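> Sequence:
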Amino acid sequence: MRRNGENMISGERPEADKDKKYTVWMVVTILLTVMVLACIVAITVYIDPFFHYHKPLEGYAYPLNNVQVPGSGDRTFGLREQNDGIVRHFDYDSIICGTSMTENFKASQADAIFDADFVKVPLSGASYRESHDILQWAYGAGKNVRYVIRSIDYSMLFDYYDGHNDQLYMYDNNPFNDQQYVLNKYVLYRVFGVLQYTRAGNQTTDFDAYRSWGAGGTYGAEAVLAAYTSGGGVEFSVALSEDECEAMLDNLRQNVIDLPDEHPETTFYLFFPPYSICYWDELNSKGEIDRMIDAEEAAIAEILKHPNIKLYSFSDNFELVCNLDNYKDQGHYGPWVNAWILEWMGDDVGLLTEDNYEAYISRIREFYNTYDYDSLRQ
1 MRRNGENMIS GERPEADKDK KYTVWMVVTI LLTVMVLACI VAITVYIDPF FHYHKPLEGY
61 AYPLNNVQVP GSGDRTFGLR EQNDGIVRHF DYDSIICGTS MTENFKASQA DAIFDADFVK
121 VPLSGASYRE SHDILQWAYG AGKNVRYVIR SIDYSMLFDY YDGHNDQLYM YDNNPFNDQQ
181 YVLNKYVLYR VFGVLQYTRA GNQTTDFDAY RSWGAGGTYG AEAVLAAYTS GGGVEFSVAL
241 SEDECEAMLD NLRQNVIDLP DEHPETTFYL FFPPYSICYW DELNSKGEID RMIDAEEAAI
301 AEILKHPNIK LYSFSDNFEL VCNLDNYKDQ GHYGPWVNAW ILEWMGDDVG LLTEDNYEAY
361 ISRIREFYNT YDYDSLRQ
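Counting from 1, position 246 in the sequence shown corresponds to residue 246 in this note's numbering; the numbering is continuous, with no gaps.
Honestly, the hints are just simulated from the structure, not real lab data. This structure is a prediction, so every number in the text was calculated from the model and none was measured. Honestly, I wouldn't trust all of these hints.
What the hints assert, rightly or not - 25 Å max Cα-Cα, derived DMTMM-like pairs, lysine to aspartate or glutamate:
(1) K328 x E358
(2) K305 x D208
(3) K286 x E297
(4) K310 x D111
As the list claims (entries may be wrong) - Label pairs and their computed distance ranges (CB to CB):
(5) A215 x A112: 12 to 22 Å
(6) T218 x L351: 49 to 59 Å
(7) T29 x T218: 49 to 59 Å
(8) Y160 x E58: 37 to 47 Å
(9) A339 x V234: 35 to 45 Å
Note that CB positions come from ideal geometry on N, CA and C, so glycine has one too.
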């Protein structure tokens, strides 16, 4: 009987030992996984390549421009992700923001002209809402903002007022979705990029170079004319409807004008970027010149009601817009034009007022409606 019992116990031990080993293996695996993830989180939060938690660490150099992540196809990281951290954690008193039309501004030039300390946080292709949100984060972080320089693009006038893009977890205060940042392979790739960039003896990208693309462009008539196809003139003219006008004004009120109203201590320098004559050629081919100018006129009238906004336009600088050597496509101008715009703002050249904006509208309406667009391709 004892032998049979011993055999039974002996037969059970291998199964018990197997279960025990599996349990130990599973516990060790879980602990190791947690430790690895904790290390990834720790180094990501410490280096923080997109400044989600803090400004750049002393002793480290941060590359601020976009990076192409290996194996990610067309995916780039850095296009928008850093701006939230910059406005919340950097030291400054003034902001440059807007679309790619502001990316070639040099913060150092703005510093000198306005006697201020600028950061530059443009968003390529940004809606009015996106630029609004960046500014709102700055105020929400307790920043005392003296000046804002911001583009008001024609191409965004008719956008839906709530339009925005991706990576919204970078812009909110919800800590429960931060795993998308601290456990993100693209962010981890950028962490090692900061370490490599530092070891190479580089310096953190300044706000002259940040986002700037001007040096890599091909400018001139050949490049601009190759970037679009003109449909020629049309016999009809598209009118600005009341619904379109009201939607456009709602967009302005909610995403452009509300912050100046809330922050009278800040002076807002807003400007309509001077698109090239080829942009107006495209509008002409659709019969939309008067529609756009009517929208601009309504926008100007609304914006000028607010005393801490200074509004500029350079679309009546016909020498500029008709010289295609200043452009790489219908809208994007070279960095020297950005430099001129800052100088003009400093001297109040192109400033629109209650007294002069109607004359400005008359000038551009006459010029762009009568221009010989066929001559562009002759």
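> Is the straight-line distance between the alpha-carbon of K328 and that of E358 25 Å or less?
violated (30 Å)
> Against the range 49 to 59 Å, how does the distance between the Cβ atoms of T29 and T218 compare: consistent or not?
holds (55 Å)
> Take a quick look at whether K286 and E297 sit within 25 Å of each other, Cα to Cα.
holds (19 Å)
> Given the hint that K310 pairs with D111, does the C-alpha gap stay at or below 25 Å?
holds (18 Å)
> Per the hint of 37 to 47 Å, is the separation of the Cβ atoms of Y160 and E58 within bounds?
Check passed, 43 Å falls within 37 to 47 Å.
> Taking the CB of A215 and the CB of A112, does the distance hold inside 12 to 22 Å?
holds (21 Å)
> Taking only the CA atoms, is the gap from K305 to D208 under or equal to 25 Å?
violated (33 Å)
> Just tell me: holds or violated, for the beta carbon distance of A339 and V234 against 35 to 45 Å?
With Cβ atoms ~37 Å apart, the hint holds.
> Are T218 and L351 spaced within 49 to 59 Å by their CB atoms?
violated (33 Å)
Violated hints for the displayed structure, listed by number in ascending order: 1, 2, 6.
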